[in-house]
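Engineer: One line per chain: the protein sequences are G and P, in this order.
Note that the first sequence covers residues 1 to 254 in this note's numbering.
Note that the second sequence covers residues 1 to 254 in this note's numbering.
Bear in mind the hints are in silico, worked out from the structure with no lab data behind them.
Same chains, same label: a pair holds when it works inside one copy or across any pair of copies.
Mimicking DSS-like on lysine-lysine, the simulated pairs with C-alpha atoms at most 27 angstroms apart in a straight line are:
1. Lys119 x Lys186
2. Lys84 x Lys186
3. Lys84 x Lys119
4. Lys84 x Lys131
5. Lys183 x Lys84
6. Lys221 x Lys233
7. Lys233 x Lys183
8. Lys131 x Lys36
9. Lys119 x Lys2
10. Lys186 x Lys233
11. Lys138 x Lys119
12. Lys131 x Lys73
There are 2 protein chains.
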Amino acid sequence: MKYVLKVCYDGTSFGGWQIQNNAVTVQQRLEEAFEKAFSQQVNITASGRTDAGVHAAGQVCHFTADLTIPPEKIADALNCFLPKEISVLASAKAPENFDANRSAKRKTYCYNAYFSPRKNPLKDRFSTWVKGDADIQKLRHIATLFIGEHDFIAYMASRSQVKTTVRTIYSIDIEESITYGSKNIKIFVCGNGFLYNMVRTIAGTLIGYAQGRISEEQVKKSLTEKNRNLVGKTMPPNGLTLEDVEYGINLFNG
Amino acid sequence: MKYVLKVCYDGTSFGGWQIQNNAVTVQQRLEEAFEKAFSQQVNITASGRTDAGVHAAGQVCHFTADLTIPPEKIADALNCFLPKEISVLASAKAPENFDANRSAKRKTYCYNAYFSPRKNPLKDRFSTWVKGDADIQKLRHIATLFIGEHDFIAYMASRSQVKTTVRTIYSIDIEESITYGSKNIKIFVCGNGFLYNMVRTIAGTLIGYAQGRISEEQVKKSLTEKNRNLVGKTMPPNGLTLEDVEYGINLFNG
Numbered sequence: 001m002k003y004v005l006k007v008c009y010d011g012t013s014f015g016g017w018q019i020q021n022n023a024v025t026v027q028q029r030l031e032e033a034f035e036k037a038f039s040q041q042v043n044i045t046a047s048g049r050t051d052a053g054v055h056a057a058g059q060v061c062h063f064t065a066d067l068t069i070p071p072e073k074i075a076d077a078l079n080c081f082l083p084k085e086i087s088v089l090a091s092a093k094a095p096e097n098f099d100a101n102r103s104a105k106r107k108t109y110c111y112n113a114y115f116s117p118r119k120n121p122l123k124d125r126f127s128t129w130v131k132g133d134a135d136i137q138k139l140r141h142i143a144t145l146f147i148g149e150h151d152f153i154a155y156m157a158s159r160s161q162v163k164t165t166v167r168t169i170y171s172i173d174i175e176e177s178i179t180y181g182s183k184n185i186k187i188f189v190c191g192n193g194f195l196y197n198m199v200r201t202i203a204g205t206l207i208g209y210a211q212g213r214i215s216e217e218q219v220k221k222s223l224t225e226k227n228r229n230l231v232g233k234t235m236p237p238n239g240l241t242l243e244d245v246e247y248g249i250n251l252f253n254g
Numbered sequence: 001m002k003y004v005l006k007v008c009y010d011g012t013s014f015g016g017w018q019i020q021n022n023a024v025t026v027q028q029r030l031e032e033a034f035e036k037a038f039s040q041q042v043n044i045t046a047s048g049r050t051d052a053g054v055h056a057a058g059q060v061c062h063f064t065a066d067l068t069i070p071p072e073k074i075a076d077a078l079n080c081f082l083p084k085e086i087s088v089l090a091s092a093k094a095p096e097n098f099d100a101n102r103s104a105k106r107k108t109y110c111y112n113a114y115f116s117p118r119k120n121p122l123k124d125r126f127s128t129w130v131k132g133d134a135d136i137q138k139l140r141h142i143a144t145l146f147i148g149e150h151d152f153i154a155y156m157a158s159r160s161q162v163k164t165t166v167r168t169i170y171s172i173d174i175e176e177s178i179t180y181g182s183k184n185i186k187i188f189v190c191g192n193g194f195l196y197n198m199v200r201t202i203a204g205t206l207i208g209y210a211q212g213r214i215s216e217e218q219v220k221k222s223l224t225e226k227n228r229n230l231v232g233k234t235m236p237p238n239g240l241t242l243e244d245v246e247y248g249i250n251l252f253n254g
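Bound-form chain G, shown alone (with noise of 0.2 angstroms):
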């Protein structure tokens, strides 16, 4: 049988989603505790990777496994084992043509900073300090550019190795608030897939330009001209939070 959870994990002492040698990864927690609850041993498989530090509110991911317990209760027996940074928060029986990964449709990411004279502990956790300030309206504008396909080959880090860098980001809504003195942004991007750092590089050349370090004419041309360093910073991955990923489909019943 076929089971899809949704997981919700606070990634900085992670070594990000996929199991790898040198660090403890969110799937190798659990699976490890799938094992502990179950006595058996399954593959995980999300709907995509999340980067060290990054951290998800709703990662997807499904497994296939003989279980006798209540689809709904996988969850519960998860958390028994899972430590205190990961919590899945439900669980259910998947449809059999489901995979977390192929079959995703939309996914949301968050990129959160604060922009202040000093840095704030309360904050830095999931949120990325910037000094200085920025303007909102000058965020939204440019953040319009980047609405539809492109070919988003200069806001993928170098290393990665992949079909198409031809994206759709479908929207980019961009929230402020003001906490502790000092102002939040949020900046929640969502698009129909996204290449290795892309939201993090395309949060670094909205500040970037809002800023006044990148101008519009050199944002249009990094969408056109494929040159990298027409781009701004990748901004660090504590500040990312994988939001949501929509199947069009309701997977788990209320």
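Let chain G serve as the given structure and place chain P on it in line with the hints.
Structural biologist: Chain P alone, transformed into the frame defined by chain G:
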């Protein structure tokens, strides 16, 4: 010369504010940073102790020293030697009769809780998980009983020693929001001072009432009959943040 600091800290890994033998504390880390930055030892006095695991957005403290650095730059000098969990947000010269503890007129604490069926690691660091739900109208209603001058002896941890257990609460403001699909509440409590564990026990009582475990009659009695058995449980420290300390003067210009 007397100086004042505004300090922010993520209290998760500290044994509270005050120097002690068995744990690393915020005061210790600040005094160590001071010695590294200025090659002299000082005693740093805070507005009040915060307990192990409690956070501060705006702890205020003072010290006396002879420094040649411009007062507003002391913050940056200390931040060079502080761990990432502590940040000095501002520094200034203080009036010679200023005392961070004795001059304090009002303090505001915030208790953060979230309501969901399962734990959320993106919220746990600064907010306490409560199963089930809470009616915000009921919370606001019961909070009004605490406003004014009362003997809060029933809300004090038994081991504390104080001259008087009478305190004045000026306001309790409750904010509600939804993030990651679950409800968050912020309970801001402003008063002229607080007994040991008082805010955490008030929070537990408000939530106990909103969840139907404690009656209005019981809460009323807890403020007149001084019986600790009438009050709710003391909530965990991770949800508590010292927000602000007011002195009736502008300590940090701008």
